[in-house]
Amino acid sequence: MNTKLLQTVAALSLLAGVAVAGEDATLIINDEETMVTEAAAPAHAENLDRIYSGWVFRADETQVLQMDDFDNPAFVFTDQGQDLYDTVDGTAGESCANCHGDVDSFAGLTAQMPRVNSDGELETLTELVNNCRTERMGAEAWKYSASQMTAVTALIGLQSRGMPVDVAIDGAAAPYWERGKELYYTRVGQLDMSCSNCHEDNYDVMIRADHLSQGQTNGFPTYRLKNAKLNSRHGRFKGCMKNIRATPFKEGGDEFKALELYVASRGNGLSVETPSVRN
Amino acid sequence: MKILIATAVVAAFFAGTATAQDTVVPTAVMFDEGAVGVSLTGVVGDAANGRKVFANRKQGNCLACHANADLSEQSFHGEVGPPLDGAADRWSEDELRGIVTNSKLMFEGTIMPAFYIDAGYTRPLEKFDGKSILSAQQVEDVVAYLMTLKEN
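Chains as they are written, first to last, in the numbering used here: chain P, 46 to 324; chain L, 218 to 369.
The hints are simulated quantities; they were obtained by calculation from the structure and are not laboratory data.
Being a predicted model, the structure only gives us computed values, none of them experimental.
Treat the hints with care, since some could be wrong.
Claimed, not checked - With a Cα cut of at most 27 Å, we get these calculated BS3-like pairs of lysine-lysine:
#  : chain 1 : residue 1 : chain 2 : residue 2
1  : P       : 271       : P       : 283
2  : P       : 295       : L       : 344
3  : P       : 287       : L       : 367
4  : L       : 269       : P       : 188
5  : L       : 269       : P       : 295
6  : L       : 344       : P       : 283
7  : P       : 271       : P       : 295
8  : L       : 367       : P       : 283
9  : L       : 344       : L       : 269
10 : L       : 269       : L       : 348
11 : P       : 287       : L       : 275
12 : P       : 283       : L       : 321
13 : P       : 188       : P       : 287
14 : P       : 271       : P       : 188
15 : L       : 275       : P       : 188
16 : P       : 188       : P       : 295
17 : P       : 295       : P       : 274
18 : L       : 321       : P       : 271
19 : L       : 348       : P       : 295
20 : L       : 321       : L       : 269
21 : L       : 367       : L       : 348
22 : P       : 274       : L       : 321
23 : P       : 271       : P       : 287
24 : P       : 287       : L       : 348
25 : P       : 287       : L       : 269
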């Protein structure tokens with residue numbers, strides 16, 4: 046072995062030692078909970094072989110923030126969510142906790158949302174929370190992506206962290222899923238692009254300063270360094286549409302709900318990472 | 218002398234036609250196998266301005282998808298499309314005009330936006346409705362700039 050090779054080997058092992066994150070890194074939270082950030086694509090995502098969490102594509106310093114709950118800035122907001130959960134609001138004098146007890150009773154729910162209810166309607170977690178507020182608490186609905194709403198839905202999502210995303214797409218969900226799929230592949234805006242142009246055809250590619258991911262939703266609501274708050278799924282969809290100079294659909298509207306189901310289904314098998322950290 | 222006068226007349230005539238009025242509107246651009254043989258404005262493109270339009274995030278933003286060594290002072294070059302170094306060695310001016318005007322006629326199904334169309338959009342943001350991304354002169358300027366990207 047010549048010295049140059051030796052040096053290279055030494056440098057490599059040094060790098061391996063310090064590289065806490067990276068594209069091949071494993072997301073282990075609090076040194077104990079290993080997340081599935083890469084998996085075989087579900088059969089219904091027919092143009093993908095593998096699916097990847099958005100975490101995989103983020104810069105090392107962003108990745109690290111999600112590896113320890115003390116470093117994860119989203120926890121300031123889930124703490125606020127816990128306060129809201131415990132606080133009485135509305136004319137009925139109830140808090141979420143009064144009826145639902147410990148929030149961990151919601152374990153597993155986020156992994157299956159959105160879903161079709163017994164009336165055959167597609168419903169999102171956000172709508173379920175607002176239902177309880179208006180129907181059961183006598184409180185006002187929160188705006189779809191209000192800070193209280195993202196705080197409480199992130200807290201509920203955290204109860205499913207580490208569980209595989211597993212939304213149903215068959216039966217009564219099928220027509221909604223088809224609608225979402227159609228939207229995903231439709232080109233819109235002055236730039237005339239579809240979600241798939243960026244998140245399916247070009248993931249793992251740089252688009253100016255951004256490393257494109259598959260646009261998965263397994264980490265939502267997600268804390269973004271860009272705006273230093275929790276971001277809802279529909280808020281993110283809206284942002285992507287505006288970037289291509291398209292008029293976004295309404296948050297909480299039928300189109301975004303269908304898109305939410307379809308996009309979530311493309312991530313079936315990834316771990317719920319809520320609340321994730323992105324840039 | 219006669220010839221000189223004639224030339225002067227022709228030159229004046231051309232200068233006269235190069236007004237906004239004679240700009241080829243997006244729907245009137247004639248394509249031949251993806252290429253556009255006639256200038257959109259009749260005014261010679263300004264490569265220096267084209268370079269700016271190329272980099273500007275609100276105009277061409279070509280750097281979002283294309284690396285370009287000539288703009289190495291700009292950070293973050295995208296990699297969605299091929300690097301444009303030597304573009305003028307690969308394409309003629311007419312082809313480049315066609316690609317910038319509406320790349321979809323050269324590359325079917327491409328992600329690259331059409332920079333000089335003003336109709337046919339689905340759900341455009343209101344302020345962009347009925348407008349092209351670049352003006353006719355900006356297209357000419359970008360084409361003039363692309364013509365400077367030679368490696369050979």
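Consistency of the hints with the structure:
| no. | hint | result |
| --- | --- | --- |
| 1 | P:271 x P:283 | holds (15 Å) |
| 2 | P:295 x L:344 | holds (18 Å) |
| 3 | P:287 x L:367 | violated (35 Å) |
| 4 | L:269 x P:188 | violated (42 Å) |
| 5 | L:269 x P:295 | violated (36 Å) |
| 6 | L:344 x P:283 | holds (16 Å) |
| 7 | P:271 x P:295 | holds (22 Å) |
| 8 | L:367 x P:283 | violated (40 Å) |
| 9 | L:344 x L:269 | holds (23 Å) |
| 10 | L:269 x L:348 | holds (20 Å) |
| 11 | P:287 x L:275 | holds (13 Å) |
| 12 | P:283 x L:321 | holds (26 Å) |
| 13 | P:188 x P:287 | holds (20 Å) |
| 14 | P:271 x P:188 | holds (21 Å) |
| 15 | L:275 x P:188 | violated (31 Å) |
| 16 | P:188 x P:295 | holds (12 Å) |
| 17 | P:295 x P:274 | holds (20 Å) |
| 18 | L:321 x P:271 | violated (33 Å) |
| 19 | L:348 x P:295 | holds (24 Å) |
| 20 | L:321 x L:269 | holds (24 Å) |
| 21 | L:367 x L:348 | violated (32 Å) |
| 22 | P:274 x L:321 | violated (39 Å) |
| 23 | P:271 x P:287 | holds (16 Å) |
| 24 | P:287 x L:348 | holds (16 Å) |
| 25 | P:287 x L:269 | holds (23 Å) |
The earlier numbered hints that this structure contradicts are 3, 4, 5, 8, 15, 18, 21 and 22.
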